[in-house]
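Chemist: Given next are the chains, with one letter for each unit.
2 protein chains.
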Amino acid sequence: MQYFSIDEIKGWDRFYRANFINSLQGFKPVSLLGTVSENGSPNLAIFSNIIHIGADPVLIGFINRPVEAAPHTIQNIELTKQYTINHIQPSFVAAAHQTSAKYSADQNEFEETGLKTFFLENFKAPFVAESEIKYGLELVEIVPITHNNTFLVIGSITHVLLKEGLIQQDGFIDANKAKTITSLGLDGYYSTEPIARFEYAKPGKEVKKIS
Amino acid sequence: MQYFSIDEIKGWDRFYRANFINSLQGFKPVSLLGTVSENGSPNLAIFSNIIHIGADPVLIGFINRPVEAAPHTIQNIELTKQYTINHIQPSFVAAAHQTSAKYSADQNEFEETGLKTFFLENFKAPFVAESEIKYGLELVEIVPITHNNTFLVIGSITHVLLKEGLIQQDGFIDANKAKTITSLGLDGYYSTEPIARFEYAKPGKEVKKIS
Chain A
-11 MQYFSIDEIK
-1 GWDRFYRANF
9 INSLQGFKPV
19 SLLGTVSENG
29 SPNLAIFSNI
39 IHIGADPVLI
49 GFINRPVEAA
59 PHTIQNIELT
69 KQYTINHIQP
79 SFVAAAHQTS
89 AKYSADQNEF
99 EETGLKTFFL
109 ENFKAPFVAE
119 SEIKYGLELV
129 EIVPITHNNT
139 FLVIGSITHV
149 LLKEGLIQQD
159 GFIDANKAKT
169 ITSLGLDGYY
179 STEPIARFEY
189 AKPGKEVKKI
199 S
Chain B
-11 MQYFSIDEIK
-1 GWDRFYRANF
9 INSLQGFKPV
19 SLLGTVSENG
29 SPNLAIFSNI
39 IHIGADPVLI
49 GFINRPVEAA
59 PHTIQNIELT
69 KQYTINHIQP
79 SFVAAAHQTS
89 AKYSADQNEF
99 EETGLKTFFL
109 ENFKAPFVAE
119 SEIKYGLELV
129 EIVPITHNNT
139 FLVIGSITHV
149 LLKEGLIQQD
159 GFIDANKAKT
169 ITSLGLDGYY
179 STEPIARFEY
189 AKPGKEVKKI
199 S
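Residue numbers (our numbering), protein chains in the order written: chain A, -11 to 199; chain B, -11 to 199.
Please keep in mind that the hints were generated in silico from the structure rather than gathered at the bench. Please read these numbers as outputs of a predicted model, since none were measured by experiment. Be a bit skeptical, because a hint or two may be false.
A pair holds if it fits inside one copy or across any two, identical chains being indistinguishable in the list.
Unchecked claim - Okay, derived cross-link-like pairs now, EDC-like style, lysine to aspartate or glutamate, Cα gap no bigger than 16 angstroms in a straight line:
| no. | residue 1 | residue 2 |
| --- | --- | --- |
| 1 | K167 | E181 |
| 2 | K193 | D162 |
| 3 | K(-2) | D94 |
| 4 | K165 | E181 |
| 5 | K(-2) | D44 |
| 6 | K165 | E129 |
| 7 | K90 | D44 |
| 8 | K69 | E26 |
| 9 | K190 | E100 |
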């Protein structure tokens, strides 16, 4: 095993350290966040720091970097209260990564990357047409993280769109069958292979596979 | 595409809905959290809702369910201020899932599942000896999420332990080479296959692969 103390890590070059720290957490639920500005201009940006907060009520959070570094998504959400989260499939992973470029507020990442919008009636934020698993959210709360000026943006799911045939008998959504990708670090993208689903675990009983 | 409104989802059976909602977010950085009680008893529990908050300072968060549902990890962290996060490899995925069983506070999940502890000098919380990528943290803040009585527990990384040969030239940690798994929903576990790493994206330039 290699050992590193935080004091050693702090002394490293900024980019080397950013790659190291960002990959330490393991594989992430990378997705495209769709929003719209007050004047109706669509925005699309890739986010990997997305987290399930609870199933009842249905709350999902994501970390938005400091406003200076990543202004558009959070500003649009504050103004319109709505956004979409769209899984990424391998056929558009390069376009998805391209949305991380620093486009200006008046540039539309859908047009810049060739991804297509999809709209639901009575919901302002754009979905990614190509995405096989996607959901719409209403803003619940923006929690400031005071230690580094980031924000935990909490939303409540209002709409879900899924490709046909992904839902298993017990409600589990087979994102592996949809070919949803996962990410590592700032720029690594991966497909998945099933290992197992396990039954609900109980003390003193050996855990069994569902599939 | 199949469409579901939140009103329809709310009407579903509780377990079906929990499987559905928990898999909607996609693949997660599932890991084992190691803590120790005030009287020195080790605790180990599987968590998938882990999130990178920032690289400078190095902050990682995780969602702890309401204290009634998941008391031991958060209580140990409040008392001792230290914990470890350990990636899971396929050789011990069943043992890792088994830590989700409702053991009492005086039961030691390491003993119950056969996983081995590893300790660093001057750091109280136990690491999982079998884990190929693991890190120790000091508690920074516990942020209550008022909407559902969960908590965002924020920690600062102090120690990192990695298997030899995982760090690429630019600091990226190859968790795929370490065979770190990812999870989906409440009970699905997956291995990964590389698609690509991409260069830093810039407006107007086609994104290129690093590898």
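Chemist: Hint by hint, say whether it matches the structure.
Modeler: Taking the hints in turn, this is what the structure says about them:
| no. | hint | in the structure |
| --- | --- | --- |
| 1 | K167 - E181 | both (10 angstroms within a copy, 12 angstroms between copies) |
| 2 | K193 - D162 | neither (27 angstroms within a copy, 34 angstroms between copies) |
| 3 | K(-2) - D94 | neither (37 angstroms within a copy, 38 angstroms between copies) |
| 4 | K165 - E181 | both (9 angstroms within a copy, 14 angstroms between copies) |
| 5 | K(-2) - D44 | between (40 angstroms within a copy, 8 angstroms between copies) |
| 6 | K165 - E129 | neither (33 angstroms within a copy, 38 angstroms between copies) |
| 7 | K90 - D44 | neither (36 angstroms within a copy, 21 angstroms between copies) |
| 8 | K69 - E26 | within (11 angstroms within a copy, 44 angstroms between copies) |
| 9 | K190 - E100 | between (51 angstroms within a copy, 11 angstroms between copies) |
Checked against the numbered hints above, the structure violates hints 2, 3, 6 and 7; every other hint is satisfied.
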